[in-house]
Amino acid sequence: MNINNIKKQFPIFNNKVHNNDLVYLDSANSSQKPQMVVDRIYDFYTKEFSNVGRSVHYLAVAATNLYENTRTMMQKYINAKDSNEIVFTKGATEAINLVANTFGQKFLREGDEILLTELEHHSNYVPWHYLRKLKGVKINFAEINNDGEITLESIEKSITPKTKMIAVTHLSNVTGAILPIKEITSLAHSKNIPILIDGCQGAPHLKLDMQDIDCDFYAISCHKMYGPTGLGVLYAKKKWLDALPPYQGGGGMIREVKKEGISFGDLPNKYEAGTMATAQVIAFGESIKFLNQIGIENIEKHESELTKYGEEVLRKNNSVKLVGNPKNKGSVLSFTLDGIHAHDIATILDEDGVAIRAGHHCCQILHDKLGLSATARASLGVYNTKDDLDKLNESINKCKKIFDR
Amino acid sequence: MDLKELYQEIILDHGKNPRNLRKTENFNKDAKGHNPLCGDKVHIFLKIDENKNISDISFEGSGCAISMASASIMTDLMKEKKEKEVKELVEDFLQMIKESPEMKTKIISENEKTKLMSLSGVKQYPMRVKCATLAWHTLTSAMKNSQEETNTEKFD
Chain A
1 MNINNIKKQF PIFNNKVHNN DLVYLDSANS SQKPQMVVDR IYDFYTKEFS NVGRSVHYLA
61 VAATNLYENT RTMMQKYINA KDSNEIVFTK GATEAINLVA NTFGQKFLRE GDEILLTELE
121 HHSNYVPWHY LRKLKGVKIN FAEINNDGEI TLESIEKSIT PKTKMIAVTH LSNVTGAILP
181 IKEITSLAHS KNIPILIDGC QGAPHLKLDM QDIDCDFYAI SCHKMYGPTG LGVLYAKKKW
241 LDALPPYQGG GGMIREVKKE GISFGDLPNK YEAGTMATAQ VIAFGESIKF LNQIGIENIE
301 KHESELTKYG EEVLRKNNSV KLVGNPKNKG SVLSFTLDGI HAHDIATILD EDGVAIRAGH
361 HCCQILHDKL GLSATARASL GVYNTKDDLD KLNESINKCK KIFDR
Chain B
1 MDLKELYQEI ILDHGKNPRN LRKTENFNKD AKGHNPLCGD KVHIFLKIDE NKNISDISFE
61 GSGCAISMAS ASIMTDLMKE KKEKEVKELV EDFLQMIKES PEMKTKIISE NEKTKLMSLS
121 GVKQYPMRVK CATLAWHTLT SAMKNSQEET NTEKFD
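Just so you know, the sequences run in chain order A and B.
The first sequence begins at 1 in this note's numbering and counts up one residue at a time.
The second sequence begins at 1 in this note's numbering and counts up one residue at a time.
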């Protein structure tokens with residue numbers, strides 16, 4: 001795999017930032033887009049646009065086929081059993097809200113418990129939080145260990161007879177810890193508890209096989225997978241999508257509407273009310289093609305090598321403290337610098353064209369636990385190189401120089 | 001732009017060694033401020049005497065160099081100021097940080113204005129403006145002895 005050719009597919013890198021080459025280290029936040037994805041949006045709007053699933057004219061039929069084609073591609077990409085198990089949403093956030101809302105209203109009662117972890121992004125906590133007030137449920141958090149990992153034992157310890165749902169991240173967007181989701185799923189199922197996996201950081205970087213993992217729900221953010229914004233995917237086992245009530249009501253999700261009552265449409269329409277993000281769905285098909293062309297195994301290998309290199313470089317830099325030390329780690333390098341706040345680091349790095357994120361990364365629970373108000377985070381994508389990490393290190397040194405004057 | 005405009009010596013000096021970083025004994029007014037987006041926190045303590053002068057001002061908190069420097073420079077400046085003057089200075093500073101090229105007030109010396117102007121570098125970084133203004137909004141709350149925490153996400 002020639003990484004230079006891959007980088008060339010991303011037009012953003014033709015631009016300068018503060019007169020410097022862009023060193024983009026914020027892919028855990030959102031990835032950049034390859035030309036083929038950008039082109040697909042343009043082509044759809046200029047040559048093929050129509051709404052889907054409604055009219056019978058030529059463009060409508062063609063657009064519907066393209067839209068459904070992405071669903072099938074996604075089914076194959078994550079090895080779901082049935083294409084009806086792929087629901088498009090406006091993002092991973094909506095995917096998790098969909099499950100929390102519909103599962104909550106149908107299956108949860110006062111005193112029931114939901115088990116999350118201290119690693120969760122706000123999007124896998126806040127949707128469940130609503131159920132505290134609405135249903136009187138309790139939320140528990142499995143604790144991290146000193147390396148910033150969630151172990152199977154930590155989950156097992158936190159399960160009680162009242163646990164009715166487990167919702168955990170696949171890969172922490174702060175410590176980079178990859179959770180043993182297959183084992184956690186099997187543990188949950190042994191106790192008859194369904195499990196949702198927040199796959200925002202997992203899906204862009206790791207090989208996915210829904211039938212192998214066997215989880216009940218898996219939430220995906222398409223804009224982190226080299227795809228357009230405004231789009232997410234909820235994978236859910238068909239038995240759940242059949243059993244749960246619809247999430248939103250509107251056109252496209254109904255079968256028959258009478259003054260006396262309404263019957264709902266079949267899957268997948270039941271969960272896709274209103275006009276969906278059509279152009280984004282169709283363009284996301286190109287993102288899947290892009291990932292398939294390189295091969296997710298190659299991406300995993302490339303990013304894992306880079307992560308190790310980045311860890312080495314930053315460990316050699318005495319003033320850098322890495323956040324978390326998980327054995328099984330994704331391509332996230334969170335760090336702090338002695339005496340320099342993360343926001344100051346990010347502003348100074350930006351001047352060199354080095355784009356990182358600073359703050360709590362939507363993980364306040366974790367930052368409170370770590371006793372840190374903010375961390376700096378460099379996160380990798382398929383287009384990154386060792387050179388990028390060297391530039392990161394140089395910029396960090398510049399940062400120290402400025403503060404040491 | 002040159003980064004030195006934002007991270008000038010005066011900001012780094014106050015940011016690394018903030019003045020008045022303590023808690024005023026027998027304070028009679030205080031307020032807390034929080035920027036939830038970056039975790040900056042500040043708690044301002046005031047001692048206002050019978051003539052409505054600030055006889056002491058101090059702060060506790062943590063945050064980036066910009067927010068710490070801003071609180072440090074601000075508290076230095078506000079000592080012995082009258083309530084009315086505080087209001088004028090806060091308004092003038094916020095105006096300068098948002099749009100105005102300079103400070104108009106005649107209450108403080110040109111030298112003191114220059115110190116405050118060093119914070120104007122944040123104009124180039126819209127996301128960082130709140131770092132510079134947190135202490136000032138919190139001071140306004142403290143003057144009112146507001147129990148409600150000033151939150152940067154609640155003001156423009």
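Just so you know, the hints here were simulated from the structure itself, not pulled from any lab data.
Ideal Cβ positions, reconstructed from N, Cα and C, are used throughout, including at glycine.
Among the hints, a few may not be true.
Claimed, not checked - Label-pair restraints from in silico Cβ distances:
(1) B/SER62 x A/LYS401: 38 to 46 Å
(2) A/GLY136 x B/GLU88: 34 to 42 Å
(3) A/HIS129 x B/ASN17: 56 to 64 Å
(4) B/GLU5 x A/HIS189: 32 to 40 Å
(5) A/PHE49 x B/LYS144: 50 to 58 Å
(6) A/LYS157 x B/ASN26: 44 to 52 Å
(7) A/TYR42 x B/ASN17: 38 to 46 Å
(8) B/SER146 x A/ASN146: 35 to 43 Å
(9) A/GLY339 x B/GLU88: 53 to 61 Å
(10) B/ASN17 x A/LYS157: 51 to 59 Å
*Can you list which hints this structure breaks, lowest number first?*
Hints 1, 2, 3, 4, 7, 9 and 10 not satisfied by this model.
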